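2 protein chains.
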Amino acid sequence: MADLDGNDDILSRVLAGETRAIARLMSRVEGRPADVAPIMAEIHKNAGRAHVIGLTGVPGSGKSTLVHAMAKAIRARGKTVGIVAVDPSSPYSGGAILGDRVRMSDLSTDEGVFIRSLATRGALGGLARAALDTVDVLDAAGFDVVLIETVGVGQDEVDIAEAAQTVLVVSAPGLGDGIQAIKAGVLEIADVHVVSKCDKEESSRTVADLKAMLHLGSTVRNRYGWEVPVLRTSAETNLGIDELVDTLEKHRTHLTESGEGAIRKRRILETRILKTAEDLLRQRIGEGDALTSAVESTLDGKTSPRQAAEELLKTV
Amino acid sequence: MADLDGNDDILSRVLAGETRAIARLMSRVEGRPADVAPIMAEIHKNAGRAHVIGLTGVPGSGKSTLVHAMAKAIRARGKTVGIVAVDPSSPYSGGAILGDRVRMSDLSTDEGVFIRSLATRGALGGLARAALDTVDVLDAAGFDVVLIETVGVGQDEVDIAEAAQTVLVVSAPGLGDGIQAIKAGVLEIADVHVVSKCDKEESSRTVADLKAMLHLGSTVRNRYGWEVPVLRTSAETNLGIDELVDTLEKHRTHLTESGEGAIRKRRILETRILKTAEDLLRQRIGEGDALTSAVESTLDGKTSPRQAAEELLKTV
Numbered sequence: 000m001a002d003l004d005g006n007d008d009i010l011s012r013v014l015a016g017e018t019r020a021i022a023r024l025m026s027r028v029e030g031r032p033a034d035v036a037p038i039m040a041e042i043h044k045n046a047g048r049a050h051v052i053g054l055t056g057v058p059g060s061g062k063s064t065l066v067h068a069m070a071k072a073i074r075a076r077g078k079t080v081g082i083v084a085v086d087p088s089s090p091y092s093g094g095a096i097l098g099d100r101v102r103m104s105d106l107s108t109d110e111g112v113f114i115r116s117l118a119t120r121g122a123l124g125g126l127a128r129a130a131l132d133t134v135d136v137l138d139a140a141g142f143d144v145v146l147i148e149t150v151g152v153g154q155d156e157v158d159i160a161e162a163a164q165t166v167l168v169v170s171a172p173g174l175g176d177g178i179q180a181i182k183a184g185v186l187e188i189a190d191v192h193v194v195s196k197c198d199k200e201e202s203s204r205t206v207a208d209l210k211a212m213l214h215l216g217s218t219v220r221n222r223y224g225w226e227v228p229v230l231r232t233s234a235e236t237n238l239g240i241d242e243l244v245d246t247l248e249k250h251r252t253h254l255t256e257s258g259e260g261a262i263r264k265r266r267i268l269e270t271r272i273l274k275t276a277e278d279l280l281r282q283r284i285g286e287g288d289a290l291t292s293a294v295e296s297t298l299d300g301k302t303s304p305r306q307a308a309e310e311l312l313k314t315v
Numbered sequence: 000m001a002d003l004d005g006n007d008d009i010l011s012r013v014l015a016g017e018t019r020a021i022a023r024l025m026s027r028v029e030g031r032p033a034d035v036a037p038i039m040a041e042i043h044k045n046a047g048r049a050h051v052i053g054l055t056g057v058p059g060s061g062k063s064t065l066v067h068a069m070a071k072a073i074r075a076r077g078k079t080v081g082i083v084a085v086d087p088s089s090p091y092s093g094g095a096i097l098g099d100r101v102r103m104s105d106l107s108t109d110e111g112v113f114i115r116s117l118a119t120r121g122a123l124g125g126l127a128r129a130a131l132d133t134v135d136v137l138d139a140a141g142f143d144v145v146l147i148e149t150v151g152v153g154q155d156e157v158d159i160a161e162a163a164q165t166v167l168v169v170s171a172p173g174l175g176d177g178i179q180a181i182k183a184g185v186l187e188i189a190d191v192h193v194v195s196k197c198d199k200e201e202s203s204r205t206v207a208d209l210k211a212m213l214h215l216g217s218t219v220r221n222r223y224g225w226e227v228p229v230l231r232t233s234a235e236t237n238l239g240i241d242e243l244v245d246t247l248e249k250h251r252t253h254l255t256e257s258g259e260g261a262i263r264k265r266r267i268l269e270t271r272i273l274k275t276a277e278d279l280l281r282q283r284i285g286e287g288d289a290l291t292s293a294v295e296s297t298l299d300g301k302t303s304p305r306q307a308a309e310e311l312l313k314t315v
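In order, the protein sequences belong to chains A and B.
With numbering that gives the first Met the number 0 as the guide, the letters of the first sequence map in order to residues 0 to 315.
With numbering that gives the first Met the number 0 as the guide, the letters of the second sequence map in order to residues 0 to 315.
Honestly, I wouldn't trust all of these hints.
As the list makes no split between identical chains, a pair holds if one copy fits it or if it spans any two.
Restricting the straight-line Cα-Cα distance to at most 20 Å, the calculated cross-link-like pairs of lysine to aspartate or glutamate (DMTMM-like) are [unchecked claim]:
(1) Lys71 with Asp109
(2) Lys313 with Glu286
(3) Lys71 with Asp245
(4) Lys264 with Asp299
(5) Lys199 with Asp34
(6) Lys264 with Glu161
(7) Lys264 with Asp288
(8) Lys44 with Glu310
(9) Lys264 with Glu295
(10) Lys199 with Glu259
(11) Lys301 with Glu269
(12) Lys301 with Glu41
In case anyone wonders, no lab produced these hints; they're calculated from the structure.
All values reported here derive from a predicted model rather than from experimental measurement.
Generate coordinates for the entire structure from the input sequences, incorporating the hints supplied.
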């Protein structure tokens, strides 16, 4: 697979865990996935060893600070950590907000930690596909744990968090008494609930609310013999962080022993293929002028939006 | 177009603004759009008169309460209002959270107001397509103003809010000093900024922050000669609600006079056709067993996820 771009070289360097090669491949797969399709096929074959953890919660729930504390605790156990942060940034400016990332700076000199931020890429999408490809790169590069952090609101964002072996939902005290978590539609996707900022007094209320809700609903809980825990943490005082990392390891073992792991592997792959197909569709539509013609003929009253969409599907 | 389902009848009844027919068509277009495609084509031809307003903001920003106050103010001017609320509910339970809607109850007896909640429909999507079709139904049924309310986080949700003639972004005091709005990636899509809960003291800070940010960034502001205002409101004390409704009317006039309205009409149609094409793709993939085969051959190592997605696109 050697070619003019030195793709052969980049693949072996990524598999060897070389930081610069990883970053380069990520940029390429984010922006021009078609160009690196053969490399990504090899990457996929070499992935599957990492423990992929999805972490989600509403804005202000303290996700990034928690990810930071978790990464430190995982590193202290001698394991390496890849972090994929999906930033809902402006669809116009295309830039990610740096605030949260800055706090990660004391991890940035650690070779055993790799942090990648992905920005929302506007109406033409592709975020989910890019995020899942990025996870594959980190997995194949040999990172023991890969954390995907997304905002827990929005269909695509929840889909990304769910495309993980272990799903962690973060709630913060005082953000509307736990209602935030329900509103975000992510309460039931959690394998592990974390209440952040538990150095604050109101946190007991949030923990109690979450536990009550878990007893009310039972769609997911126990479906595979796993009792969803509600853990109290504080990234500030390091409260509960080690227990959280223990729980994540226990969950991984449980996935293997219960057979749920194999079910999830299929589900994750399904999401991945579906998101890639959508991404391909959008790219192909974006390349030609079929969409412009479709808009024109709808404006003229010649077709309905649905007919125009059907025609568009035929052309790609 | 008369058929066994009495479709001919439902179309004329919707166009006449009959509540029950409107609700029935909405349910049908939400769940089984293919069945009502010819009716929706006619609906589309009859739409285009309403002022469609997208309203968005993070959870807890007071969107629903504001929508309620706005609807009352618009009704007081003798105009009718359709409301489409996109609820990010659990992808598992499929149910919408009723909390916010309950507050609307004193509007529910008013024939000049129609409220429709749409729930997130899980990984197979279709939310954006369904929301935009619902707007078309309300428009064709003769509602003067149609408000689409979405959570301002998530690509699909932001896309929906943006598929409107006037985009309103709501920020609340105390939700992290305005950072919430940036995080949500919607600051720059606003034609009108609203700070809610301005009976609270901290609101001055939020207003100042927003104004400062508008002066920093200028991607959208003034692009079509419109100075994006930051309005103070309180649904509690009715502060600023009438001014807000005035501003929305002014914006609509400005759209017409500046030519921006025609540009947006194209953009909205583009989003609509694209979302419908994606929805069609997902439906077709969901109907057959092509996705299952794609997952199997990827698990076997015969194809990469991307190759599997390409194969999948060919089969639909």
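Evaluated hints:
Proximity of Lys71 and Asp109 under a CA criterion of 20 Å is satisfied intra-copy only: 10 Å inside one chain copy versus 57 Å between copies. Taking the closest pair of Cα atoms, Lys313 and Glu286 come within 20 Å of each other both inside a single copy (15 Å) and across two copies (18 Å). When the C-alpha separation of Lys71 and Asp245 is checked against a cutoff of 20 Å, the pair qualifies only within one copy, where the shortest distance is 14 Å, while the shortest distance between copies is 53 Å. In this assembly of identical chains, the alpha carbons of Lys264 and Asp299 lie at most 20 Å apart only when taken from different copies (12 Å versus 47 Å within one copy).
Neither within a single protomer nor between protomers do Lys199 and Asp34 lie at most 20 Å apart by alpha-carbon distance, with minima of 49 Å and 54 Å respectively. In this assembly of identical chains, Lys264 and Glu161 lie within 20 Å of each other by CA distance solely inside one copy; the values are 11 Å within and 35 Å between copies. Taking the closest pair of Cα atoms, Lys264 and Asp288 come within 20 Å of each other only across two copies (18 Å); inside a single copy the shortest separation is 38 Å, beyond that limit. Within a single copy, Lys44 and Glu310 get their C-alpha atoms only as close as 36 Å, which misses the 20 Å cut-off; across copies the closest is 18 Å, which meets it.
For the identical chains of this complex, Lys264 and Glu295 are inter-copy neighbours only, at 11 Å across copies versus 43 Å inside a copy, given an alpha-carbon limit of 20 Å. Neither within a single protomer nor between protomers do Lys199 and Glu259 lie at most 20 Å apart by alpha-carbon distance, with minima of 36 Å and 49 Å respectively. Proximity of Lys301 and Glu269 under a CA criterion of 20 Å is satisfied inter-copy only: 15 Å between copies versus 37 Å inside one chain copy. For the homomeric pair Lys301 and Glu41, the shortest alpha-carbon distance between copies (11 Å) is at most 20 Å, but the shortest distance inside one copy (47 Å) is not.
Violated hints, listed in ascending order, are 5, 10; each of the other numbered hints is respected by the structure.
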